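*Asks:* The lines below spell out each chain.
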Amino acid sequence: MAMIGTSVRRVEDNRRLRGIARYVADIERPGMLHAAIFRSQHAHARLIRVDVARARAMPGVVAVITFEDIKTVKPIPMRLEPSEDLYRALQRPLANDRLRYVGEPIAVVVADTRYLAEDALEVIDIEIEELEVHVDARSAIKPGAEPIHPGVARNIAHRFVVETGNVEHALADADALLEEEFYIQRHSAVPLETRGLVAEYDEGRKLLTVWGPTKVVHFNHGVLASLLDMPPSGIRMIEVEVGGGFGVRGEFYPEDYLIPFLARMLRRPVRWIEDRNEHLKAANHSREQWHRLRVGYSQDGRIVAFDDHLLNVMGGYIRTHGATLPTMTAAYMPGPYKLDNYRCDAHCVLVNKTPAGTYRGPGRFGASFVRERALDIIARRLRMDPAEIRLRNFIPSELMPYTTGTSAFDTPTVYDSGDYAKQLKQALEKFEYDKHKHWCSEQRRAGRAVGIGIGCFVEKTGGGPWEYARVEIDLSGEIIVYSGAADVGQGIETVLSQIVADTLPTDIESIRVVHGDTAVVPFGVGSFGSRSTVVAGNAALRAAQDVKDQLLALAATALQADIGDLGFENNHIVVRGRIGSAISYAELAALTEPSSARALGVKPGISAEAIFHVDRMVFPYGVHLALVEVDQKTGFIKIPKYLIAFDVGRAVNPMLVKGQIVGGFAQGLGGALLEEFAYDSSGQLLSGSFMDYLLPSCAEVPEVEVLLTEDAPSPLNPLGVKGAGEGGTVAVGATLANAVCDAFDGLVNIRQLPLTPELVLGAAHEARKARAELR
Amino acid sequence: MKPPSFEYHAPSTLREALRLLRELGPDAKPLAGGQSLVPMMNFRIAHPRHLIDLNQIAALSYIRVEDGGLCIGAMVRHREIEHSQIIRQHWPLLSEVMKHVAHVQIRSRGTIGGSLSHADPAAELPAAVGALDGELVLQSESATRILRAGDFFLSALTTAAQSDELLVEIRIPKLPAGTSAAFDELSRRRGDFAIVGVAAVVKCDHAGKFVFARVTLTGVDETFLRARRAEDCLLGQEATPALIAQASRIAAADLNPPSDLHASSSYRREVAEAVAERVLSRAVAQQGIAL
Amino acid sequence: MTTGHAITIEINGLTYRGEVEPRRLLCDFIREDLGLYGTHVGCEHGVCGVCTILWDGEPIRSCLVFAVQANGGRLSTVEGMATSATELHPIQQAFTETHALQCGFCTPGFLMTLQALLSRNSHPSTDEIRDSLSGVLCRCTGYHNILAAAELAASRLSTK
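Residue numbers (our numbering), protein chains in the order written: chain A, 1373 to 2147; chain B, 297 to 587; chain C, 7 to 166.
Hint data in this document are derived by calculation from the structure and do not stem from the laboratory. There could be a bad hint or two in this list.
[Said to hold, decoys possible] The list that follows gives simulated cross-link-like pairs (lysine-lysine, DSS-like), each with its CA atoms no further than 25 Å apart:
{"id": "1", "chain 1": "B", "residue 1": "Lys470", "chain 2": "A", "residue 2": "Lys2005"}
{"id": "2", "chain 1": "B", "residue 1": "Lys505", "chain 2": "B", "residue 2": "Lys470"}
{"id": "3", "chain 1": "A", "residue 1": "Lys2010", "chain 2": "B", "residue 2": "Lys470"}
{"id": "4", "chain 1": "A", "residue 1": "Lys2013", "chain 2": "A", "residue 2": "Lys1807"}
{"id": "5", "chain 1": "A", "residue 1": "Lys1807", "chain 2": "A", "residue 2": "Lys1794"}
This structure is a prediction, so every number in the text was calculated from the model and none was measured.
Let the hints inform the model, and build the full structure from the sequences given.
*Replies:* Rendered as structure tokens:
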């Protein structure tokens, strides 16, 4: 049976279902202590004094540290898009003399239990002097606004411009102009498991072990070694079970330094498990953007110029993602459309809120919202069908591979393959677009507010620079796959097992996948940006193919046959046409035991390493279609019909791909309707619990139909695969906003998210007024 | 988010609980279902020095009908009320409201006494008890008081119970035969506190005229509100969509709801009218009247 | 300082003893004192549901109960579900067949809730399933497959 393309059940499931999978909070080490972090309750203040004497004297408290104890430590470095001017705003693990966001770590208490540590937090005293608080990026950049970081004028930490063609000329020449402003609210990943770490220092062997890192374990390993001034070989990071990542978990945070530092300082294991209140103000926020758009278009619906002025709202500091967020927006704003004159003038704006980082489809959720809304507004003005205007502006498939003129992560954006028009048509047909459009029209005439929205997008996946794999067959014949990828819950163990088993037939449940352990996996980039199936998968493929060649060569000798006559069955190599002539992987492995290998003149052991390099990303693409009904008396929205069409090039496990789409959709829905990190004017986080930060439950997530296609495999990797992690999320805000506007016959213009009932009710009023005026 | 320390007491009789309450004074809090109190303790917003666990007092857990009226012990779980046949048959408003109270996992521990004593301004139960003209029995070591629902809830999270008093019983009088009840609320997600909730108990005569009307709202003020002017507007009048719309307008008109993260005051006022209209329409439809 | 209270709790048919200070949450006792880590902690204020266990067959939030309150109680956790080391409970089996879990962190909360639902209602409607499951949050799956697993498990259990 072909393993690739089959929806096999996951090998990860058994342990997670039984409740025997070990997440970081389940790790116990002898003599382990517990840490709790004292965090700022002020959004912007001079920190004059921190008094931990009473805390140190509390029952069960073993230590309390402040900046004084770590004052020589360097700031946490950037991992991606590290622009020079962002260095001015990096974060050190504890606040020194300034507090810049509510939640910023000031001190760490280590005690016998978390309960006792939290008791000690309550008796830490600080003296502060309040400073002007910036929560709105538009006022933070006004001349004269108090800078959050010295030297960062107008709180603009970084600015860059991406331009293709000549936007000003094209705008001036255009038949017509759309000028509009948009806002996407602050929200983020909020995985169900909060962050956590266990660190233990073996003084005798000078070995620091850290459990809990994920996502980019090898990178973090290097950072920690540098910050602790230890040789990398003296640190072992071990990824354990992870309760969802979505971009925010696994980056190097202050705690990633503090907890190992404390373990080394105290010579006792230290565990820190973030609580939910902390998580909402300490883990990366995301998404918040202000856009000012100017779009030039022709009377026949072609976009001739697209100019975006972007304020990407960061936080009190710049973290590991550097300028990634606006870079993503700037690079992928064009989406599937041919924009010959395009510009994005992007700014990283500092405010007194939690720092921002990537979250599923970073920069692209906002880009899709802005772009797809703009297209709908223009279509409405021209009395064009929203599907028609998109078809008119798509990049034709004949132009693939297509260079958009933008770039990200030092690589130009070149779409590898894609037939956007074909996909949209397929999606419209599956959705029964014409029929439902007609129905909505009739219903609107009868007074109901029902409408359809479209959102098209191109996703970016499979980023480089490379990924590592090693495939090994041990003496028992078991296949082991070592990968630089990380498991954030997405099923990478299963996918890698499928890929390897496709080349080396075996029961995938028997394959052991090892990842995230820096002592055992020598190289790794990690799992983010939907890259693992593409890059880790192809690395595993290559290594497996190499192992296959080794097995065949050994078997040819052992079975005295030509390689061409050999075939694979589960765990065996057989000679075609010669019954009874077979040899198992275990027997083949035994032949390579060192003494035997020497005699045979082969290398000891059966294994192969591979590094799969990528210079270019690969670009899956999709369409979201929604039919919504608005309750015109309350503003509540129902979504009776939602379709996501997604072309992933090739699906290793279609069931897992669909799971990513639907899961991504639920997060997109949360972002479109429910979730927001709301702040008051003094910089206090108002949504600091799950009563106020609203995650969708199963009662809020409607049915979604997924149309998965493999029309455009990527020519850039042997598997032809593209990543599937983010396509369910990025277009939800755009699509629902478009649908709501359509429900009101385009008489309202929705320019911000989330679509709260109050916002939508306001739109209903606006529509009613506009209708009255039309009469 | 670990709670602060406290002394734990688990009396098995009501008398013992009341004695402890008196002795320990305002430093002590009763612990019923814990679904409201424990989160506050985990957030360290509440720091009771003593907790008096009521869960072992079997005598506080009963559902009885006495002289046609309903008596519910304060420690009766939401789940029990939700599944009680007696209540569904004779006081269906309570059964219906329960579907909106949080989630199944909360309802298995949460109690009616705990919820009412917590007095969240957007909770459903106070509005239901109010619409049913319920009475609350408060007991201390020395005395027993009975308060009408309207007098029990003073302001947000504040009731008339003294620190040495325990809510021990909720009494719901017998309703006139042939009433219908309905409840609905708007909330951001299923199970969340109400942005606005409306409870209605009505009865119409053979001519379709209202002979009984109770309308209460939650989420629109510090405590639940009784919409007396709306009730007066209905009584004696024929149930028509126009009348219901008028009564709903009246119910909403005087409101001065709070603004918070989830809804502004003006939004609440506006949707209160819509929800009242829907609830009244549904209650009337149950009367067999075609609107 | 408060003194320890001795408690005895039956979990998955086994009797456990411990000594706890009053404020120790039941979820922490089960996990750290007894080593039953299958029950997870996600919010500590009763909303996310990943700490859901059964007490006398009813689903409760173990983050909202003090361990001392459960003295003498009969609890069930996810570790007690599988019928053997090699065979999963039908509900668990349905979950893996429909891909109803990704990271697995919320999964025990859903399993427990479903077990409670299906043991008192062998033919729940889709609405009843959705209502029951709306008390546990998942951030990975988008719920479709969890609902499918619930329907599948219900149909299998009711034909047994």
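*Asks:* Compare the structure with each hint and give your call.
*Replies:* Each hint, compared with the structure:
1. B:Lys470 - A:Lys2005: Violated - the C-alpha atoms of Lys2005 of chain A and Lys470 of chain B are around 35 Å apart, more than 25 Å.
2. B:Lys505 - B:Lys470: Given pair Lys505 of chain B, Lys470 of chain B holds - Cα atoms ~21 Å apart, limit 25 Å.
3. A:Lys2010 - B:Lys470: Violated - the C-alpha atoms of Lys470 of chain B and Lys2010 of chain A are around 39 Å apart, more than 25 Å.
4. A:Lys2013 - A:Lys1807: Roughly 13 Å separates the two Cα atoms, so the pair holds.
5. A:Lys1807 - A:Lys1794: Roughly 19 Å separates the two Cα atoms, so the pair holds.
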